Structures are given as C-alpha cells and as structure tokens.
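So the protein lines, in turn, are chains A and B.
Position 6, counted from 1, in the first sequence is what the working numbering calls 6; the numbers after and before it change by one each time, with no gaps.
Position in the second sequence (first residue = 1) + 1000 = the working numbering.
Source of the hints: derived by calculation from the structure; they are not laboratory data.
Note that the structure is predicted; figures quoted are calculated from it, not measured.
You may find that some hints are simply not true.
[Claimed, not checked] Pulled from the structure, derived: some chain A residues nowhere near chain B, Cβ distances all over 12 Å: (1) V26; (2) C61; (3) S79.
[Stated by the list, open to error] Okay, the calculated bits of chain B under chain A, using three or more residues with CB under 8 Å as the criterion: (4) 1247 to 1254; (5) 1326 to 1338.
Where a beta carbon is used, it is the ideal one built from N, C-alpha and C, also for glycine.
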Amino acid sequence: MQLFPCPFCGPRDETEFHYGGDAGNVRPDGADVPIDRWANYLYLRGNPKGAAREIWVHMTCGEFFVMERDTLSHKVLSSAELGGEHTI
Amino acid sequence: MTRRYSALSLFKEGLAGQTGWKQAWRSPEPKSSYDAIVIGGGGHGLATAYYLAKNHNITRVAVLEKGWIGGGNTGRNTTVVRSNYYYPESVELYGLAHRLYEGLSKDLNYNVMLSQRGMVNLCHSTAEMEIGARTVNAMQINGIDAELFSPEDVRRVAPIYNFSPDARFPVFGGIWQGRAGTARHDAVAWGYARAASRLGVDIIQNCEITDFIVEGGRCRGIQTTRGAIRADRIGMAVAGHSSVLAAKAGFRLPINSYALQACVSEPVKPVLDTVVLSPGTGVYVSQSDKGEIVIGGGLDRIPSYAQRGNLPTLETVIAGLLEMFPIFGQLKLMRQWAGIVDVVPDSSPIIGESPLPNLFLNCGWGTGGFKAIPAGGTLLANLLATGKHNDISRPFDLNRFASGRLIDEAAGSGIAH
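Take the sequences, apply the hints, and build the full model.
This is the structure we're talking about:
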C-alpha cells in the first residue's frame, strides 16, 4: 500500500484517493468555443511517462488538490492545495 | 531444412535428432529505407506487417521493436478471444478479428492453440439479467453467436462456481458466447513474426524510436537507436506508450495509461473448461492448457507506466476470485505481472491517420487488445497501403473525439474500468 500525502490530512492510504485528471486543463469559456478546443479540453491528455502534474481528490475529506508524481517510479514529488489557476 | 511445420516435419525431425529446425524468423540489420515502417513488435505490429505483405503485396517493410517481440502486452494478457460487444461498429471490428483467429493457425502455419471453450459473463441480479438479455439480442441482431444462460446452464458449464445460498454474487444467469475461448498469446506473436519474415518483412528488435523525421509537414521516417530509417508510410502500434510517441510527433491523444494486472496459480488438474467473468467482482478466470488458473481483473486506479501493478488492486482481484470460487482458497499463486494499457474515454480503439500526415495510429485498445490482433493488423495494413479507411476502420478514426460520435463500449458492453 502506497501512502499519498493529502495537503489537509497528511499521509493516507492510496485507496482513499481518486485521480481527477491533468492539472492546468482549464475549461474553455464563452459561447463560441471551436469544436477542436472542446475536444482538446474534454479528451486529449498529456499522459506523460515520468514527472506528471495531476489533480487528485482525497475522498475521505473531499478536498481536491495538486499532486506531482512520477508515473514510472510512482514516487510522489509534491502535494499542494489548489491554486487559483485551476477550475474543476 | 524444415521450413513448413507439419506432423510429417515433426516426425522427420524426430528421426533426425531435431537438428534440422531453422530459426523461425530472420534478424537482419535495418536498411536505410523501406516502403513502410511499423513501430511496435507486439501482436498488432507484427500482424500489420504480415497483412501488408500478404494482402497488399508490400514486402519492403520493417517492424521496429524497442525490446523483444511479444514482450509487452502481447505476452502479458490473459489470452481471451471473444467478440461479445454491443454496437454494430464494434461487432464488425471484433467479429473480423474473431473470424481471422479461427483460421489463424492454418493461415500462419503456426499453431496458436485457439481453444474455443466458450465464455460466460455472469448476471448477479434480475436487473443484470435484463441487461444481459439486451446484450444477447444486440449480439444476435448483429450476427454474433450469443445465448442467454439460465442458472442451470451456468451450473452446467462452471459447476465449481459458488452457488451456495449465501453467495455474495449469486448467479441469476449469464451471457454465453460459445465461440469465445483462449489462444496461446506468445504463439500469436511468434506465428505472425515467422509468417511475415518469410514474406520478406524485416523484424528488428532492440531498436527504439528516438524521434520522427518531419519534412514539409509530413512524416518521412524515424530516428532510432540504430540510426535513421526512412519511409513515407509509418504505422505505430505501441499500446500504453502511444502518448510517449505522440509527444515526440507533436500531438496529444485521448489516452491515459494504466497498469492492468494478471496472475496465474500453480498448475492443477482440470477444474474449469470455460472462461467465467463476473461483473460483480470484475474478475475473470480460465484454466490454461498447462493447468494454471489464469486470473484477470480491473485496472489499477493510478495512472502508471510501471509494468508491475499495485497491491490493493491485486488484493481486490483475489478477494473477488474467492467470492466466485471458494474452491481456489488453497491455490498458490505462481506469478503476478502487469502491462501498460492505453485507456480511451469510450473504451474503443483509435485507428486512422494521426495529426502528423503519413503517421498512422493503431492504439487505444485498453484492456482488450489481444483478442483484436488480427483485425488491428488488417486495418492498419490497409491504411498504410492505401492511405484510406475502409468501412470497418472509419468509425474508429481519431476525429470521433471532435465530432462527438463516440462508440461507448464502456457503457454498451460493460467493460470493467
């Protein structure tokens, strides 16, 4: 069992967390967003091998946060509260 | 000199002390250019090369593999072959693969050990039975064999299932596909490799792609750890690593990579002669010809490129297995492993030209690529040879994510992720 650090609750079992997608994937705004921009937001992913910046939710406390993680070694690099730049 | 495998060649080699067997495929040095390059020496890549040579008479073809052929997901799956899908587009695709599998040993002159022992997807409630009936009806309308099983039918094909009154996942019936079964996964890779090599295809192992050669906005070749290789038609069939290559080519894909685990037990005497899947536990089980119980389950919960898998998911799978088959409580697990699968939002593959012209995609098979190998190869070969879709591959083009015309098998046939 791997421990993930919740910025609010500290280290907890990985099974308490749920993956929420790429960090920084901002929802397009406005009425005339082109189709490709929507497809980009809804479906296309970086899916990096190595360092990744991701949104996670700690299901126990219900808080969303940003975790930086290595997708090959599974090492957690950092974990922080959501800044103002993200829209969930 | 034994080129064609047969009972007679086996007999002759027996008399000759097994000294005449030749290497099954050549290992040539890469040439500087080809008519077509296939990236990825798994089942899909090798099948693509074979069908390029066989169906389209294009034999100046290289298959480039960064490790050894069949060493990725082709050697890590649970070997199930089936076509019990819901939407007509999927039925055309997986039905093609299933039909080709049925003739594959003869076509390749290589025994892929296809064993059509049938598969039952269980239904654990009256509501699931209604959905089961809907699935069976859809399959029959689309021309695929399917039968709605009663609890007695399930008991007949899988008597060791947990039918006790206090079972956590009781059986209300099931969806039966009699033509489903298993095939020897390594043999599929090796059979395609041997057949392709005999038609002139160069299979080059230990050759990793480092970059794409782009000229005039089109892909004209690739840089590899064994030098530059040029071609005007390039196909990639690299499953969980598709996004990594896409990043080198300058585009993104609707893919998340996850580890999918499987495990096998020690070999035991025959107890299970079919494939059983429980949607309640997400676990499916079969017994290999050697006697090992082959166990598969759902995806790991964490996006990953680590080919090993996480313990909590393995624990869930084994707990589910024991709910289904308490008889397996004393079994010892022999091996556990994981492959990196390319999961797409609608659980259907991506087949078509990529945003970089001349580069064609065969990816997004997620947890179910093995059963589709002959179709994935046929369709990518057709794209590489003609530059155009046919009616089977067209619905699976990458543009469905912009048009919104998804083929949602996650909902349609209840794929467990």
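Q: Could you check the structure against the hints above and give me the numbers of any it violates, in ascending order?
A: 5
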